[in-house]
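J.: Spelled out from the first residue to the last, the chains are:
4 protein chains.
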Amino acid sequence: MSKLKKRVCVIGASGYTGGELLRLLAYHPYVEVVMATSREYVGKPIHYVHFNLRGVYRNLKFSEASIDVVAKNCDVAFLSLPHGVSLNYVPKVLELGIPVVDLSADFRLKNPELYKIWYGYEHPYPDLLKKAVYGLPELHREELRNAKLIASPGCNATAGILSLLPLVKHKVIDLSKIVIDVKVGSSEAGSKPSIADHHPEREGTIRPYEPEGHRHAAEVEQELSIVAGQGVSVSMVPHAVSSIRGALASSHAWLLQELEDLELLKLYVATYRNEPFIRIVYKVPPGYPDPKYVIGSNYVDIGFATEKRLRRITSFAAIDNLVKGAAGQAVQAFNIAMGFEETAGLQILPLKPA
Amino acid sequence: MSKLKKRVCVIGASGYTGGELLRLLAYHPYVEVVMATSREYVGKPIHYVHFNLRGVYRNLKFSEASIDVVAKNCDVAFLSLPHGVSLNYVPKVLELGIPVVDLSADFRLKNPELYKIWYGYEHPYPDLLKKAVYGLPELHREELRNAKLIASPGCNATAGILSLLPLVKHKVIDLSKIVIDVKVGSSEAGSKPSIADHHPEREGTIRPYEPEGHRHAAEVEQELSIVAGQGVSVSMVPHAVSSIRGALASSHAWLLQELEDLELLKLYVATYRNEPFIRIVYKVPPGYPDPKYVIGSNYVDIGFATEKRLRRITSFAAIDNLVKGAAGQAVQAFNIAMGFEETAGLQILPLKPA
Amino acid sequence: MSKLKKRVCVIGASGYTGGELLRLLAYHPYVEVVMATSREYVGKPIHYVHFNLRGVYRNLKFSEASIDVVAKNCDVAFLSLPHGVSLNYVPKVLELGIPVVDLSADFRLKNPELYKIWYGYEHPYPDLLKKAVYGLPELHREELRNAKLIASPGCNATAGILSLLPLVKHKVIDLSKIVIDVKVGSSEAGSKPSIADHHPEREGTIRPYEPEGHRHAAEVEQELSIVAGQGVSVSMVPHAVSSIRGALASSHAWLLQELEDLELLKLYVATYRNEPFIRIVYKVPPGYPDPKYVIGSNYVDIGFATEKRLRRITSFAAIDNLVKGAAGQAVQAFNIAMGFEETAGLQILPLKPA
Amino acid sequence: MSKLKKRVCVIGASGYTGGELLRLLAYHPYVEVVMATSREYVGKPIHYVHFNLRGVYRNLKFSEASIDVVAKNCDVAFLSLPHGVSLNYVPKVLELGIPVVDLSADFRLKNPELYKIWYGYEHPYPDLLKKAVYGLPELHREELRNAKLIASPGCNATAGILSLLPLVKHKVIDLSKIVIDVKVGSSEAGSKPSIADHHPEREGTIRPYEPEGHRHAAEVEQELSIVAGQGVSVSMVPHAVSSIRGALASSHAWLLQELEDLELLKLYVATYRNEPFIRIVYKVPPGYPDPKYVIGSNYVDIGFATEKRLRRITSFAAIDNLVKGAAGQAVQAFNIAMGFEETAGLQILPLKPA
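Residue numbers (our numbering), protein chains in the order written: chain G, 1 to 354; chain X, 1 to 354; chain S, 1 to 354; chain D, 1 to 354.
Hints may be right or wrong, so weigh each one.
Copies of the same chain are indistinguishable here, so a pair counts whether it falls within one copy or spans any two.
[As the list claims (entries may be wrong)] Only pairs whose alpha carbons sit at most 25 Å apart, straight line, appear in this in silico SDA-like list of lysine to any residue: (1) Lys283 <-> Gly55; (2) Lys44 <-> Glu342; (3) Lys308 <-> Ser233; (4) Lys192 <-> Tyr209; (5) Lys177 <-> Gly213; (6) Lys5 <-> Lys308; (7) Lys308 <-> Glu113; (8) Lys110 <-> Gly55; (9) Lys61 <-> Gly287; (10) Lys171 <-> Asn59; (11) Lys171 <-> Pro286; (12) Lys192 <-> Arg141; (13) Lys131 <-> Tyr41; (14) Lys130 <-> Pro29; (15) Lys130 <-> Ser225; (16) Lys5 <-> Tyr27; (17) Lys6 <-> Tyr27; (18) Lys130 <-> His140; (19) Lys177 <-> Leu256; (20) Lys116 <-> Ser225; (21) Lys177 <-> Arg7; (22) Lys177 <-> Arg309; (23) Lys61 <-> Asn274; (24) Lys116 <-> Pro45; (25) Lys171 <-> Ile195.
Since the hints were made in silico from the structure, they are not lab data.
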């Protein structure tokens, strides 16, 4: 192994997000995955669960999530565990001096009160919340350099924030009346079978879920309020559709004044001009962002439409929920934290047709 | 043939809506289909196009749309023609004294000016617009009795109006800030192949279309403004998803005052209690309306969710775009106009799984 | 209730097959469903599980499968239970003098030895196997009249047998070298969630299952051997594809002598001419049977293709696995047994598009 | 540009196969794409058609297929043109001394007579047929080194040949009775819209096509007969299913003698042990090959199942029809011809879920 390579452990490696981390890290030029944990599959080869990875990771098997082994063998830890479970690991790994990229929601919110409201638990480490960096490079690139605890954003939150950022930053919309109508594929619910996601029930569905307010709204409000320097309220209404991967945020808002589309376009371009993974879709086919054309990649396709007679704007962001919405974004933040090129391991193109 | 049966002609019978009319009318107890027109398939059996109907309509072939034959053989005409084409037939059929159920948009709007704005043509028969009855039984049941010209509503308009009716009728929402975010299946685009609906491009898509303002908004505003007795503004933003059939309207609005969900529920129940095809979904599985569970039927499943902290309400209506959104609604209106039971020919249950 | 109506109980009513029985029996002119059992959902309304049936069965709730209640209230029992569980109910219900339509595999095979080989259990009621009538009307219509125990065929078996019947009956193929390559939708695996049928895993799949020999081969061999008057060997190789409903049997065989397609067609027509649910697809669109166009109905679409240079024939049968492959066929057999029109309750047309 | 890089032109770059070539060559370490032709889209940027490639190929636009420009700027030409059209370009490019990788069927068959039978035209360049190398590395690796004309195999042929190779090579099956039952996704039919592949018609379909003998059988018989040293007859029966990408060949055959599965496995391993893109699936999840888990990659997953009582074997090969079935295989053969690592540009992992 090259001396330049970081020895990475993936804690919680048998789910979809863990599998994506393994896919992206397999050919990452500065990474060697030395540990992949899964209680359920201890001793099984990686491809026992991740059939796509057959033939890769020939010398790795799933193992227990032992802190001792982490201490001995790992330079960086990615945690891909359920909400509430990461809490048990993060402080221990940080104590070893090992940087953590946590893909759960456990360290995303700055205000501990919000954990009670949105997640139903009292946060045991309010100090760590302060130290954690919200891992959205488009907002926190500088803070990510040398970050020790990266709280990787939620998928719907990523799409929601990035769709609205240019409008909120330049304060051209009413910040109190925003509805983010999200449409997501079935992989967002994870790899555990359920009646709701049983194929005969899920395929062909167009089904609202948590329409009384999705918890990712908390992250979106937190981040956009920082950008705006004032409170921003968003309603987030997700819908399950029958894609497997992909999330589209359609963020509906009202412009405070009449603005030509070209003026709005300038705000988008100004905001995202130097972003390696953001592509603006404006008056070229297919017209508006569609997650279908980012699947498998870390891209975010962003665009908007206005209805002038009502001063209504809808801003769209399309992502692969498992890549820019999870594992890819985590790798991007990791690259920044480690001082690597931001695109290392992420130069993967979407398929078409996909 | 029973003397009670109406001899029905379907003009424009080779598309998806025409096919649905043929499916629903095949076993309608008071109907005999005597004519089905299609320029492209003249002389071919019905199942040449509508494979599902193999073995039915053994004595019927596609024919030219001859007004003379209509005059001689038909008691009622259903027109399932493209927008702008119905215009050429409706006046001629009406002159014969034959009632018309028109499934195009050509006679839906009362104000001829709106045809210029939304459809790009000058309407040649403004007088007929006055005589036409907008064929939504839930709003115009009385006018439909003995109606001579029924303008059957658009699919997205049907879902949009029915989702909002209880809220607009009781004026509990801000009538100037409504966004109807619609998700629709591919059959809505019709039976003509296109790149956008080519299977490899359409399957898995989550794609905004006409997000600058969908033309069905005109119908929705017209009908809801009548209900409200004041102007109602709606933004309609449709999205293509990968279902085949089905449309879900997620109508986002702001409550004017705090209302408990049970108070809101009462408004829905009061509005729809006697409607044979409306089913209210409230706190029973699957929680909210999903078009998947109305496919093939004339049902509309309706429900809502509120986010109290923001006074945001989202009201949902789920339909099969080809049934309650087109052919089924046309048959329902026809039944009323003819004095038949409203459910005749429409007692068809959705499938599960579908 | 009309005196002509049979009081029907559906034992095992919460799965997909049970739901289909309830859908088909809801508007059956000679049936009233008086009991629907489900251990898991006792006391819940029918639409709690079968969302499609909301608004129907307003006075029925799921109940325990009590033999006493069956004895008191039911004229006929449909059993839609897992293999091996029906065994426990059938003898008890028959003792009450109540006819049984059993949708499990427990009484399909005549030879008790085959239960050991294919199902792994010793059959406790070999005498009942003799009395049971294999519920395929196309083969056993006469025996079904007044039958007391109907063993309703398996879905893949139905498609397999009906695809091959004309060829086996007329002995035009090599009866020792037949491969039935079946493609089936996800509903065939039932309503219980599993990793294999979790939406992200199942959608887009083309996956062989039980390719070492599917157990429905036993039924197919039994029935075709009777028809042939000699042993017939079939290999059945099913594949899971990403449809929800539908099964296509592609039965590959070798013709014993050169035969023109028109001669073969005559065999098909002769075999099926009077069958109310069989439709032959020959040189009309879409060319060959496709389950897509029978979904929701009791139809079987049948066709064939020959490759002359190799004397290879492939015979196709397309069904909805939950209708002609399960509940619809059970109702058809029940109609015959009760002396009703064979199509009663089954005059339901497939959708297109579906 | 590195001096080591080959300047590549893609002639016929706007279809699905052309798009895949552009995707795979974009990050190929030894390639620069200098020309991408499309009559329809001359002057448009690449992402105008290939939305997935937005942000890549910033300096390339579609151009006319000018032989002069090819002569001046290209080191190697990939031709992704319809059958019968490649014929017009291949000789001209070869005359320039520029190697050609042709993805059409125009140079795959050695016997010109077969073009009349299977493709319906008289082949104008029988001499070139002799020079062309059939571009399946697993069979012709040595001949591919320095090949000037590579005839890249058909997708179904690739799956068919690779599924059968171990059995034919070791002559353990009856070579006269083989049925390759293929299931394929919609991308195989290309990017041109058609009624058959219109989303509402294609999604959910299980539809035989060309079941009287698919033309790829000619390639399969040619290649397997060379391997066997005797005539091999195969029937190829494809079925359209509702995947987008992916082809599974289920090759049904009869073993000449009893063989244990482990003996058979040895034949597979012996045949494919050193192949960089072949993965054998045997008694590990998911049990048998499924194209779902190779999508986007150049992998072929291969496995088999036997039914001992009948001596029937089914051998499976799963590919992405656009990668190992087209563009990926072409790049693999190109790598060999140029002396590059065989996997250059092809180290792309499939997704799961995909």
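J.: Now, for every hint given, state plainly whether the structure supports it.
T.: How the hints compare with the structure:
| no. | hint | in the structure |
| --- | --- | --- |
| 1 | Lys283 <-> Gly55 | between (43 Å within a copy, 15 Å between copies) |
| 2 | Lys44 <-> Glu342 | neither (32 Å within a copy, 30 Å between copies) |
| 3 | Lys308 <-> Ser233 | both (23 Å within a copy, 12 Å between copies) |
| 4 | Lys192 <-> Tyr209 | both (17 Å within a copy, 21 Å between copies) |
| 5 | Lys177 <-> Gly213 | both (14 Å within a copy, 19 Å between copies) |
| 6 | Lys5 <-> Lys308 | neither (53 Å within a copy, 50 Å between copies) |
| 7 | Lys308 <-> Glu113 | between (40 Å within a copy, 18 Å between copies) |
| 8 | Lys110 <-> Gly55 | neither (42 Å within a copy, 35 Å between copies) |
| 9 | Lys61 <-> Gly287 | between (45 Å within a copy, 19 Å between copies) |
| 10 | Lys171 <-> Asn59 | neither (53 Å within a copy, 35 Å between copies) |
| 11 | Lys171 <-> Pro286 | neither (28 Å within a copy, 39 Å between copies) |
| 12 | Lys192 <-> Arg141 | neither (33 Å within a copy, 43 Å between copies) |
| 13 | Lys131 <-> Tyr41 | neither (33 Å within a copy, 49 Å between copies) |
| 14 | Lys130 <-> Pro29 | neither (32 Å within a copy, 43 Å between copies) |
| 15 | Lys130 <-> Ser225 | within (17 Å within a copy, 51 Å between copies) |
| 16 | Lys5 <-> Tyr27 | both (12 Å within a copy, 22 Å between copies) |
| 17 | Lys6 <-> Tyr27 | both (13 Å within a copy, 24 Å between copies) |
| 18 | Lys130 <-> His140 | within (14 Å within a copy, 60 Å between copies) |
| 19 | Lys177 <-> Leu256 | both (11 Å within a copy, 13 Å between copies) |
| 20 | Lys116 <-> Ser225 | within (20 Å within a copy, 43 Å between copies) |
| 21 | Lys177 <-> Arg7 | neither (46 Å within a copy, 53 Å between copies) |
| 22 | Lys177 <-> Arg309 | both (18 Å within a copy, 12 Å between copies) |
| 23 | Lys61 <-> Asn274 | between (39 Å within a copy, 23 Å between copies) |
| 24 | Lys116 <-> Pro45 | neither (39 Å within a copy, 35 Å between copies) |
| 25 | Lys171 <-> Ile195 | neither (43 Å within a copy, 38 Å between copies) |
In this structure, the earlier hints numbered 2, 6, 8, 10, 11, 12, 13, 14, 21, 24 and 25 are contradicted, and the remaining ones agree with it.
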